[in-house]
Each structure stands twice: as structure tokens, then as C-alpha cells.
Amino acid sequence: GQQLNQSPQSMFIQEGEDVSMNCTSSSIFNTWLWYKQDPGEGPVLLIALYKAGELTSNGRLTAQFGITRKDSFLNISASIPSDVGIYFCAGFSNAGGTSYGKLTFGQGTILTVHP
Amino acid sequence: NAGVTQTPKFRILKIGQSMTLQCAQDMNHNYMYWYRQDPGMGLKLIYYSVGAGITDKGEVPNGYNVSRSTTEDFPLRLELAAPSQTSVYFCASSYSGSTWNEQFFGPGTRLTVL
Chain R
1 GQQLNQSPQS
11 MFIQEGEDVS
21 MNCTSSSIFN
31 TWLWYKQDPG
41 EGPVLLIALY
51 KAGELTSNGR
61 LTAQFGITRK
71 DSFLNISASI
81 PSDVGIYFCA
91 GFSNAGGTSY
101 GKLTFGQGTI
111 LTVHP
Chain U
116 NAGVTQTPKF
126 RILKIGQSMT
136 LQCAQDMNHN
146 YMYWYRQDPG
156 MGLKLIYYSV
166 GAGITDKGEV
176 PNGYNVSRST
186 TEDFPLRLEL
196 AAPSQTSVYF
206 CASSYSGSTW
216 NEQFFGPGTR
226 LTVL
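In order, the protein sequence lines correspond to chains R and U.
Here the first sequence is numbered in our numbering, starting from 1 and rising by one per residue.
Here the second sequence is numbered in our numbering, starting from 116 and rising by one per residue.
No lab work stands behind these hints: they were computed from the structure.
Keep in mind that the hints are not guaranteed to be accurate.
[Said to hold, decoys possible] Here are the computed lysine-lysine pairs in the DSBU-like style, where the Cα-Cα straight-line distance is at most 30 Å: (1) U:Lys-159 - U:Lys-172; (2) R:Lys-70 - U:Lys-124; (3) R:Lys-70 - R:Lys-51; (4) U:Lys-129 - U:Lys-159; (5) U:Lys-124 - R:Lys-51; (6) U:Lys-159 - U:Lys-124; (7) R:Lys-70 - U:Lys-172; (8) U:Lys-129 - U:Lys-172; (9) R:Lys-70 - U:Lys-159; (10) R:Lys-51 - U:Lys-129; (11) U:Lys-172 - R:Lys-102; (12) U:Lys-159 - R:Lys-102.
[Said to hold, decoys possible] Partner residues aside, some chain U positions facing chain R, computed with beta carbon under 7 Å: (13) Asp-153; (14) Met-156; (15) Gly-157; (16) Leu-158; (17) Phe-205; (18) Gly-212; (19) Asn-216; (20) Phe-220; (21) Gly-221; (22) Gly-223.
Where is the CB? At the ideal position from N, CA and C, for every residue including glycine.
Go ahead and model the full structure; you've got the sequences and the hints to work with.
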């Protein structure tokens with residue numbers, strides 16, 4: 001099946017630093033999404049991207065849909081302690097007639113922010 | 116709105132036992148999903164439904180069954196629990212149409228099979 005490779009696996013940063021993480025695939029995706037999961041909770045949608053090259057912000061978060069449609073990036077500026085959690089990329093590809101409903105998730109990036 | 120609710124939050128099963136994980140949403144979403152999350156892994160789709168009476172297999176359906184008799188409810192059934200089914204299970208829902216992949220997740224059910 002389709003796979004998304006998310007990196008880095010984990011990050012340890014100081015409060016105030018900027019963070020970058022990315023997600024890549026060997027195949028083209030039509031939609032990219034970024035979710036955050038707090039400990040003991042379900043994922044929450046942060047940003048959805050629908051067009052190649054699209055750059056979208058949500059507060060201190062900025063995500064981009066790669067121009068090749070095979071990657072996406074998430075940046076967090078001026079990190080704060082509540083940014084701690086696991087960040088997942090997810091994508092949808094209709095290649096091969098994949099039906100609606102089937103999102104593919106990356107393995108996640110664990111973010112730790114030291115005060 | 117309560118959003119997506121899941122019960123129970125935690126459960127320990129013995130090998131061979133059966134159980135049903137409950138999921139309900141009050142957002143009038145047509146689409147509902149069941150995922151499992153194993154440590155250090157992303158979410159894997161077990162089953163999904165695009166409306167009452169319609170279900171389809173996801174990536175890892177073996178050992179599970181679902182039904183969708185109403186728009187609001189989407190229970191997941193484990194018939195013969197196995198240690199490989201130890202995981203955290205998340206239910207999600209979304210609108211149909213162009214934003215179907217903007218999914219809203221429940222808080223999860225942590226299942227241990229011993």
C-alpha cells in the first residue's frame with residue numbers, strides 16, 4: 001500500500017525555537033493534512049492542503065503542499081510548551097482508483113519543548 | 116456538541132473473548148472510520164462507512180467487524196481477541212463531499228489482550 005515517510009521521528013527543542021518537519025511519499029497525493037495528538041487524546045486537525053504549491057497558516061503553524069505533490073512540510077514558529085505532542089501528516093491519493101475514505105498516515109513526529 | 120465519543124476508555128480482554136467498542140457522533144456526519152494506533156506507528160484504517168448501511172474494509176480489517184445501522188453510531192466488534200489486537204482504537208467522522216478527509220477523532224479506547 002501507499003506509505004508516507006515522516007521525519008524527524010522526534011525533536012527536542014527549547015521554548016522559542018522554530019520547528020520544521022516533513023512528510024514524503026514515492027507516489028503523488030491529492031490532499032495533505034497535518035494533525036496533532038496530545039497525550040491520551042485523539043488527533044486534532046491542524047491544517048488541510050488541497051492544491052500543489054499551496055501554503056497555509058494557522059496561527060504559528062504554516063504548512064505547504066509540495067509542488068511535486070509527493071511531499072509536505074509543517075513549520076511551527078516560536079514554540080511554546082503546549083506545542084508538545086505527536087504531529088502526524090496524512091494524505092489521500094486517488095491513484096489506482098482508491099475510493100474516498102482512505103487516508104494514509106505518517107508515523108508521527110514526537111515534539112518535546114523544554115521551557 | 117459532544118463530537119465523537121467512544122466507550123470504554125480502557126479494557127483488558129483475555130485471549131478468545133469478544134467485545135464491542137462503541138462510537139457515536141452528534142455532528143450528523145455521513146462518513147465514519149475506525150483506526151488502530153500501535154506504539155511508534157501512524158494510524159491504520161480498519162473499516163469505514165460512508166453512510167448508514169454501507170461499510171467497507173480498510174487496510175487492516177482482519178479480526179474485526181462493523182455495522183452502521185444509524186448515522187450516529189458505528190460500533191467495532193472483536194469476535195476472538197488475540198494479543199496482536201492490543202492497541203489504541205480511534206473512531207473518527209467527517210462530512211461527505213470535498214472535505215471528507217478533515218476527520219474529527221474521538222478520545223480513543225486502549226485495549227489490552229492478555
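Hint by hint, here is what the structure shows:
{"no.": "1", "hint": "U:Lys-159 - U:Lys-172", "in the structure": "holds, 11 Å"}
{"no.": "2", "hint": "R:Lys-70 - U:Lys-124", "in the structure": "violated, 36 Å"}
{"no.": "3", "hint": "R:Lys-70 - R:Lys-51", "in the structure": "holds, 12 Å"}
{"no.": "4", "hint": "U:Lys-129 - U:Lys-159", "in the structure": "holds, 23 Å"}
{"no.": "5", "hint": "U:Lys-124 - R:Lys-51", "in the structure": "violated, 37 Å"}
{"no.": "6", "hint": "U:Lys-159 - U:Lys-124", "in the structure": "holds, 19 Å"}
{"no.": "7", "hint": "R:Lys-70 - U:Lys-172", "in the structure": "holds, 25 Å"}
{"no.": "8", "hint": "U:Lys-129 - U:Lys-172", "in the structure": "holds, 25 Å"}
{"no.": "9", "hint": "R:Lys-70 - U:Lys-159", "in the structure": "holds, 20 Å"}
{"no.": "10", "hint": "R:Lys-51 - U:Lys-129", "in the structure": "violated, 47 Å"}
{"no.": "11", "hint": "U:Lys-172 - R:Lys-102", "in the structure": "holds, 10 Å"}
{"no.": "12", "hint": "U:Lys-159 - R:Lys-102", "in the structure": "holds, 10 Å"}
{"no.": "13", "hint": "Asp-153", "in the structure": "violated, 10 Å"}
{"no.": "14", "hint": "Met-156", "in the structure": "holds, 6 Å"}
{"no.": "15", "hint": "Gly-157", "in the structure": "holds, 3 Å"}
{"no.": "16", "hint": "Leu-158", "in the structure": "holds, 5 Å"}
{"no.": "17", "hint": "Phe-205", "in the structure": "holds, 5 Å"}
{"no.": "18", "hint": "Gly-212", "in the structure": "violated, 10 Å"}
{"no.": "19", "hint": "Asn-216", "in the structure": "holds, 5 Å"}
{"no.": "20", "hint": "Phe-220", "in the structure": "holds, 3 Å"}
{"no.": "21", "hint": "Gly-221", "in the structure": "holds, 5 Å"}
{"no.": "22", "hint": "Gly-223", "in the structure": "holds, 5 Å"}
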